[in-house]
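K.L.:
What follows is the residue order along each chain.
Protein chains: 2
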Amino acid sequence: MASPRRIELIILGNELLLGARTNEHLSYLASELGSYGLSIARNFVIQDDASEIGKVFKDAWKRSNILITTGGLGPTSNDNTREAIAKALGRKLKFDEDTRISIEERLSQTGMTLTEKVMKQCYYPEGFTLLPNRIGTAPGLLYREGNKTLIMLPGPTAELKSIFEKQAIPHLKKSNFLVHEKNSILVRTAGVAESIIEEHLTPIFEKHPNIKVGFCSKHNLVDIRLSPKRPGLSSKTLKKTAETCKQALGNHFVCFGATPLAEVVIQMLAERKKTIAVAESCTGGLLANAFTDVPGASQVFAGGDICYNNDAKIELLDVPESLLLQHGSVSAEVALAMVTGVAERFCSDYALSSTGFAGPGGGTKENPVGTVYLGFYSPLGAWSRKIHFMGDRPTVKQHAVNAALDWVRRELLEEPSLSGQPSIEEWALAEILK
Amino acid sequence: MASPRRIELIILGNELLLGARTNEHLSYLASELGSYGLSIARNFVIQDDASEIGKVFKDAWKRSNILITTGGLGPTSNDNTREAIAKALGRKLKFDEDTRISIEERLSQTGMTLTEKVMKQCYYPEGFTLLPNRIGTAPGLLYREGNKTLIMLPGPTAELKSIFEKQAIPHLKKSNFLVHEKNSILVRTAGVAESIIEEHLTPIFEKHPNIKVGFCSKHNLVDIRLSPKRPGLSSKTLKKTAETCKQALGNHFVCFGATPLAEVVIQMLAERKKTIAVAESCTGGLLANAFTDVPGASQVFAGGDICYNNDAKIELLDVPESLLLQHGSVSAEVALAMVTGVAERFCSDYALSSTGFAGPGGGTKENPVGTVYLGFYSPLGAWSRKIHFMGDRPTVKQHAVNAALDWVRRELLEEPSLSGQPSIEEWALAEILK
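So the sequences go chain by chain: A and B.
Just so we're aligned: the first sequence equals residues 1 to 434 in my numbering.
Just so we're aligned: the second sequence equals residues 435 to 868 in my numbering.
Simulated from the structure, these hints should not be mistaken for lab results.
The C-beta atom is built at its ideal place from N, Cα and C for all residues, glycine as well.
Mixed in with the good hints, there may be bad ones.
Between beta-carbon pairs, the in silico distance windows are [as the list claims (entries may be wrong)]:
(1) B:Lys600 <-> A:Pro379: 23 to 33 Å
(2) A:Gln247 <-> B:Gly524: 28 to 38 Å
(3) A:Thr22 <-> B:Gly524: 33 to 43 Å
(4) B:Glu599 <-> A:Thr237: 39 to 49 Å
(5) B:Lys489 <-> A:Lys92: 52 to 62 Å
(6) B:Asn512 <-> A:Glu344: 56 to 66 Å
(7) A:Lys92 <-> B:Lys600: 23 to 33 Å
(8) B:Gly524 <-> A:Asn251: 53 to 63 Å
(9) B:Arg534 <-> A:Leu413: 47 to 57 Å
(10) B:Asp483 <-> A:Pro379: 52 to 62 Å
(11) B:Leu564 <-> A:Phe95: 56 to 66 Å
Part of the chain A face toward chain B, derived, beta carbon under 7 Å [what the hints assert, rightly or not]:
(12) Asn14
(13) Leu17
(14) Ser27
(15) Asn43
(16) Ile46
(17) Ala158
(18) Ala288
(19) Asn289
(20) Gly304
(21) Asp305
(22) Ala312
(23) Ile314
With the rest of the complex left out, here is chain A:
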């Protein structure tokens, strides 16, 4: 009945079934497996109920070669996956002392003690392999039976990802479930609509009917994922096609892989040994946060001022009060004064500023909600630019941040760097070394 390498996924998700969260586990695992040319045949989201878990598990286990479960391994009374699956397979639960020690160590760092509830996590069904959890408390579990593999992952996303990538994937490789190396390339672009990108690239894709092309656009970025339609397409062909896309995209091309835009900008600045500062009004810290999300940002990111009212703009950024009175705080003139002020304050080589109406309140006839003025400062001079974004408050903020980052990126492309952009071969090498 089972077709070769059929994968099913069971997600324990009272929270999902109540609508309290979106299903991030599915999108993460699907794209990870997808990069090996594998796809998930069926995904269940079920309630944290022992009998429900047992029923769904038994059926899915019959059909699948790889069965993955997520969630339900933690300490609360809703965490029943371990127990329900042990019962379905007729396995006893055994206690693991190493897990107890590791949980105790972890808890002691946060000043908590080991309660009886937490101890649940030290048990595992007989014959299963424990996959230690380096981030949280509940370990993952792995079980093999003939040509079938069961992988049980904890629910918290960071723990799930860490265990899946560092432990489950190597297991699947060793047992020949993943016969091909990761073979997918993501081409990231910024600043251009998906439909225009698609028009640009269609002639390339028409020449390669074996390549599966997926578009995904979000907040001013468009990602194009190239992968084999079925396992077997050479990675050389895929790389060559990705390189052709890059050439066709020109300055719209950001990078291969899903590197955040801020990280790309930080890399470009680091190569040039330059620094950047930010002065934020309407983006309110989101731009600084994008920079500081990048490990090692401090080398390049000099700092920022969040100047949410006129007093702060005057006091901290030396924006002349007359400018604020004459043009209003949401204006090209103020964006320019802010960006110059912050560059001087932090002695940075480059700077960015934002001032606008993120909504839902505010806005004028001339500058309706969604209007943002960005400022850009470089050793060559300072400029400002007016852009209008659609969407709610967080969307306008995120769009403005990406537009600001893309502005520096494009300007830096015009300036010489020490090393230049990495080629697809250098990128692929770096991926392997990761």
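Given chain A, work out where chain B should sit, using these hints.
P.N.:
The following block gives chain B in isolation, referenced to the frame of chain A:
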């Protein structure tokens, strides 16, 4: 076999199974049904394949009272839901002239013509009711058999929502599936682990076996959703229980409903006519961003400094250089100097600061990665606190932000406000007026 009002959901989702999108249909439908006291027992995400659809549909139809499908009703060759379900139920497809006219009208507006592919959408299984689509082309479908109802919705989210709310919900009400009005309450807590909250509240829930309790914890917040186990529980009982939870939780209680922590803090400060400023090192703008995500934040949020290196801490926040040299930038002393400096700079009543090692690099034996010192400034004085968080860089940052916000919240609770916290009745009224 079927329990009363069992609901299952089948989502046709090649894109979801490839990881190209997240499953928004589930979260939308689950929270809509949840607000009527109903929950989805099981959700399937399956591939757009006629035999797969047939198999999953037959099983689910046996078990369910309400079965909902989304997707697969459109014009492409992957759209097989209508045909597969007609076959599974042994129904012939019939042509609907009204649908043809309405699709033709819609297409003519966009300058397109009716092709044979598009005509697929004019067919419906005999005995089914068409649910006209006012936004797109593919109509939804509804079918009743004994105590069972099948609802088939198109995939595009806006069309799905419109048909579900305006047509499916009234049908379900008329046929007595939704006998009660919307009825669920979310109780938000902060600063305490899910397992401790559960221990606190279990005695309350044991007295109310008719109330369904769902926990959802994320970044130092734990949400508890109370809803009726089955329709019929009075909203009065639900409110009374929520109020009892609030009392039992004491200062751990944040609010009824999913108001962001920063918004709760802003409301409390606004009631007291006070302002707040932030000095961020390791949270790098995320704390300022949490405040500025709240519409109208400017009346309370004075501004912030992102001081990512020592120079900025000395220049902008008047942190004494000797302190940095003696104690290091990640220390209680520096957190304190930062928070005092920023309160003075922005002339704010309150202030928060952060300095720590968010990882993955950095950290010392005494202050390993995940260590964060928070500073708190108020008219009564200034304090600092050391906390250790687990997780990757963005997780540590988010945890630190929520811990900082929760700190101000708890301190403000001890100070008199003008209006006090809203009662559950006031909250319920505000919800209705929304």
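K.L.:
Look at each hint and say if it fits the structure.
P.N.:
Each hint, compared with the structure:
Between Lys600 of chain B and Pro379 of chain A the CB atoms are about 58 Å apart, so this pair departs from the stated range of 23 to 33 Å. Distance hint for Gln247 of chain A and Gly524 of chain B: a CB-CB separation of about 56 Å, inconsistent with the stated range 28 to 38 Å. At roughly 36 Å, the beta carbons of Thr22 of chain A and Gly524 of chain B sit within the given window of 33 to 43 Å. Between Glu599 of chain B and Thr237 of chain A the beta carbon distance is about 47 Å. The supplied range of 39 to 49 Å therefore holds.
At about 34 Å, the beta-carbon gap between Lys489 of chain B and Lys92 of chain A misses the expected band of 52 to 62 Å. Taking 56 to 66 Å as the suggested C-beta distance range, the pair Asn512 of chain B and Glu344 of chain A conforms, at roughly 57 Å. Between Lys92 of chain A and Lys600 of chain B, the C-beta spacing of about 54 Å breaks the proposed range 23 to 33 Å. Between Gly524 of chain B and Asn251 of chain A the CB atoms are about 58 Å apart, so this pair conforms to the stated range of 53 to 63 Å.
At about 52 Å, the CB distance of Arg534 of chain B to Leu413 of chain A agrees with the hint of 47 to 57 Å. The hinted window of 52 to 62 Å between Asp483 of chain B and Pro379 of chain A holds, with their beta carbons roughly 58 Å apart. Look at Leu564 of chain B against Phe95 of chain A: about 59 Å separates their beta carbons, and that is inside 56 to 66 Å. Nearest Cβ of chain B to the Cβ of Asn14 of chain A: about 5 Å, under the 7 Å cut. The hint holds.
With 7 Å as the threshold, the beta carbon of Leu17 of chain A comes within range of chain B, its nearest partner Cβ sitting at about 5 Å, so the hint holds. A cut of 7 Å between beta carbons decides the hint on Ser27 of chain A: the least distance to chain B is about 5 Å, and the hint holds. A hinted interface residue such as Asn43 of chain A counts as satisfied when its beta carbon comes closer than 7 Å to some beta carbon of chain B; here the least separation is about 4 Å, so the hint holds. Satisfaction of the interface hint for Ile46 of chain A is found here, the shortest Cβ-Cβ separation to chain B being roughly 5 Å, below the 7 Å cut-off.
Interface hint status for Ala158 of chain A: upheld, as the beta-carbon distance to the closest one in chain B is roughly 5 Å, under 7 Å. The restraint placing Ala288 of chain A at the interface with chain B holds, with a minimum CB-CB distance near 3 Å, inside the 7 Å limit. About 4 Å separates the beta-carbon of Asn289 of chain A from the nearest beta-carbon of chain B, less than 7 Å, and the hint is met. At its closest, the beta carbon of Gly304 of chain A sits 4 Å from a beta carbon of chain B; the interface hint therefore holds under the 7 Å criterion.
Among the interface hints, the one on Asp305 of chain A holds; its C-beta lies about 6 Å from the nearest C-beta in chain B, closer than the 7 Å criterion. Residue-level restraint check for Ala312 of chain A holds (minimum Cβ-Cβ distance to chain B is 4 Å; threshold 7 Å). A least Cβ separation of about 11 Å between Ile314 of chain A and chain B goes past the 7 Å threshold, and the interface hint is therefore violated.
Hint compliance for this structure: hints 1, 2, 5, 7 and 23 are broken, all remaining hints hold.
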